[in-house]
Amino acid sequence: MLDKTLPYIEFEMKRPNQLPLPKFSRKLPAGFHLKEYQPGDEASWCAVEYAVGEFDTLAEAAAYFAKTFAPYPEELPRRMVFITDKSGEIVATCTAWWGKKDEPLLHWLAVHPSAQKNGLATFLAVEITRRLATLHPGEDLFLHTQTWSYPAIFLYEKLGYQLLPGTKDFEKGQALLAQLRQAKR
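For the sequence shown, full-length UniProt numbering begins at 1 and goes up steadily by one.
If you are wondering where the hints come from, they were derived from the structure by calculation, not from laboratory data. Worth double-checking, as some hints may not be accurate.
As the list claims (entries may be wrong) - Here are the simulated DSSO-like pairs of lysine-lysine, each with C-alpha atoms no more than 30 Å apart in a straight line:
#	residue 1	residue 2
1	K100	K35
2	K168	K158
3	K4	K172
4	K14	K168
5	K14	K67
6	K117	K184
7	K117	K158
8	K101	K14
9	K86	K14
Remember, predicted model here, so these are calculated numbers, not experimental data.
All chains should be modelled from the sequences, with the hints used to inform the complete structure.
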């Protein structure tokens, strides 16, 4: 879940291409399964992103999907992944996409609140980082995030992503993250 009690400060993060790929387990907890995008999964993508608070309505999520992802149906099966639970319901998602400057982008990592605390975010972040390295060999990898997603920022840092200076209120955001790290200990 997003922590919207914090000030909203955006960050860009970069993972240099010379870093070795993360050595985290490629196994999901029992009952969870990796699934690549198939037509019709857009409703589940919207439901997960809405559940974590990324969109105020399902209609906003659907409009974003239609604008950003739907124009590239041939890319979605190899770039968008999901995790299903034991009932087959999609409970998490992440996408190996590209940014406005065509940079490789870890995009829209989300785990439904009912499935959080199972290591699914780590699994997806590693999976998408690996896919990006394969799809864009020799290129630095990027992502966009914000203080509301501070647990994700801490995860990304463990995977070698580094905060890039230059965004509005960057220093204020760094100070807030330092406080959150300290409180976590």
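Outcome of the hint check:
no.	hint	in the structure
1	K100 - K35	holds (27 Å)
2	K168 - K158	holds (24 Å)
3	K4 - K172	holds (16 Å)
4	K14 - K168	holds (17 Å)
5	K14 - K67	holds (25 Å)
6	K117 - K184	holds (15 Å)
7	K117 - K158	holds (17 Å)
8	K101 - K14	holds (14 Å)
9	K86 - K14	violated (34 Å)
The structure is inconsistent with hint 9 alone, although it conforms to all the rest.
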